[in-house]
Amino acid sequence: LFLQNYRWNTDGRKPEKDAFLIMNNCFPTEKRTRKLKSEEYWIWHNTNAQSSFAVYFGFFPFYLQDFDAVAFLSAAREDSLIPAYLMSNLFQEHLAVREFYEGERWQKLTDDRLKESLEIAHKITVKFPLTDELSIVHYETPDGQLHSCSVQEALVFYSKGFFSSEMKFAVAPPGENVKEKSWMVLTLKELIERNGKAMPFVFATSTLRETWDRREELLKLKENLIHAKVERLDLTREISRLKTRISSVRAEILKIADKHATTATRSSQTVEKKDVTTNLNTPPTSSQIIPRPGVDPFALLKVITEYYRGHRDGRVAERIDELHSKFSLCNKKLLVLRTVSLMEKNRPRLCRMCDLKMQSASNLIEHVCSKFHQSKVKYLCGDALDFWFDAIASCTDGSTAAPAEVAATSKIKPIAAAARVVPAAAAATPKSAPAVEAAGKARDIKISPDSPFGLLRYYRRVDLPCQNVKQFASILHVMLRDCDKKALDADPILKALFNKSVSCDVCIRTVSIDKPANLIAHWATSSHVTAATKDGGQVSLNAINYWMAALHRATKTN
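Going by UniProt numbering, 74 is the number at position 74 of the sequence shown; the sequence numbering is gapless.
No lab work stands behind these hints: they were computed from the structure. Only a predicted model underlies this, so the values are computations on that prediction, with no experimental measurement involved. Where hints are given, some of them may not hold.
To be verified - Cross-link-like lysine-lysine pairs, in silico, DSBU-like; alpha carbons within 30 Å at most:
1) Lys357 <-> Lys326
2) Lys326 <-> Lys302
3) Lys168 <-> Lys197
4) Lys357 <-> Lys333
5) Lys332 <-> Lys378
6) Lys495 <-> Lys515
7) Lys333 <-> Lys371
8) Lys333 <-> Lys302
Based on the provided sequences and hints, a complete structural model is requested.
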């Protein structure tokens, strides 16, 4: 392969002291033959004229990828310098240089990385002439003109002070184009820092090696930067995917929560179907503390402008202090749980005097007992205060009994309902305790337990024969489902009862009923049954039989 382009002289002449190297098919005729001494041949790599050497003799073929050293040796003459060259350390150094440029590590680089490496190579100057006095110094004058001179002339100009420290210089071998990006352009100050003050325009032999080391270091940093960008892009995509997944999971959770809330609401508004033979002595499962009809537990937060005794008694502060002392001894978590039905969800109770909202019964009592609230209180509602005394007593450790019924009288008590204000004329002659109780139960006296609307009132009379209200509520619920509701509402007897809407006094929430079907549906709910049977509450069997007969009349028949 080598002899196709390079032929050694085969005329039989033996080189004695000199070796004659003839290069054919590579250079013009006048440059094909050149006399080269053996000493120069072995030290050519240490000289200052690598470029000029290549002009006359070309580059060695060992840099070619398909070079065959065995074929080259067999074709060479025995007395030539080629075998000696191949056996020398110089050849090993040349092979190392070849591997450095064309080895497997560089061949494995992709086109993109190779392109980036070339861009870095243009930015980082790597061409420095070795110590060569024949090199040309190119410099730019302050007026922008370009000039050139030899190294010796540049040293003379430098010694005479013709060059300033900010002038730009480029040192290159003869015939090289200094406008290429690969040649370093340095100021005189930078040349002195690099090559010394004595010979600023002559580069040391180690400069080339240092430049290549620096370039390789920057290439490694560039590769690390590329890998870091790829990893960052992968992490960004993973984070985006996780955010999308979190959003979808959160949406599914909200759907499940809404479905569960809807199911819970429906189950609270309906009654389970139970067999008629259910045990009649099953105790109620609810442990909620329900106030007696006519008692507003939150009257302590309302403004009461008049007192039936006409003045503020010192017992008001004592009663609040007593409430606070008992509250500090009770189980506050249990109190909050047993009064949760009194606190409407997402609608905290508001203190009109202090303009503060209470989320739980514990917050309410703590606020009522605070000095800030006491300073604004003139009168107290005795019924509400007694309710909280009984509620706290039922949640105190060692007390397992249910809260007792709110007393009908109180030592410090305005009228039965805190919202009603006693006129000033009536304040001079306070009512007796029985009169106050009668005023508080006026609505219960008007409606008999045996009347159709007795199901919407709370009664604690032992002579009522109904013992298991839940069983009858389940029966009425099933009958209401099977009957014709339009026929039930159109019944003239029942229609006459609902000339105006009625309200339920048992439930905490305000419930307005304007149809017979709505009355039965509300009474059969678990929340109403729990409130109606709380603390021994009972329902008249006559009222239940009345609505059963009405449902029988409206039942569908084939």
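- Query: For the pair supplied as a hint, lysine 333 and lysine 371, is the alpha-carbon distance within the 30 Å limit?
  - Reply: Given pair lysine 333, lysine 371 holds - Cα atoms ~23 Å apart, limit 30 Å.
- Task: Could you grab the alpha-carbon distance between lysine 357 and lysine 326 and see if it respects the 30 Å cut-off?
- Result: This hinted pair holds, its Cα atoms lying about 23 Å apart.
- Item | Distance restraint between lysine 495 and lysine 515, which requires alpha-carbon spacing of 30 Å or less | Judged against 30 Å, a Cα distance of about 8 Å means the pair holds.
- Task: Sort out whether lysine 333 lies within 30 Å of lysine 357, counting only the CA atoms.
- Result: Roughly 19 Å between the alpha carbons, so the hint for lysine 357 and lysine 333 holds.
- Task: Sort out whether lysine 302 lies within 30 Å of lysine 326, counting only the CA atoms.
- Result: Answer holds: lysine 326 to lysine 302 is near 22 Å, not above 30 Å.
- Message: With the threshold set at 30 Å, check whether the alpha-carbon distance from lysine 333 to lysine 302 stays at or below it.
- Response: 25 Å, holds
- Query: Has the given pair, lysine 168 with lysine 197, been kept, meaning a C-alpha gap of at most 30 Å?
  - Reply: Distance of about 16 Å is within 30 Å: holds.
- Is the hinted pair lysine 332 and lysine 378 satisfied, with a Cα-Cα distance of at most 30 Å? Distance of about 27 Å is within 30 Å: holds.
No hint from the list above goes unmet by this structure.
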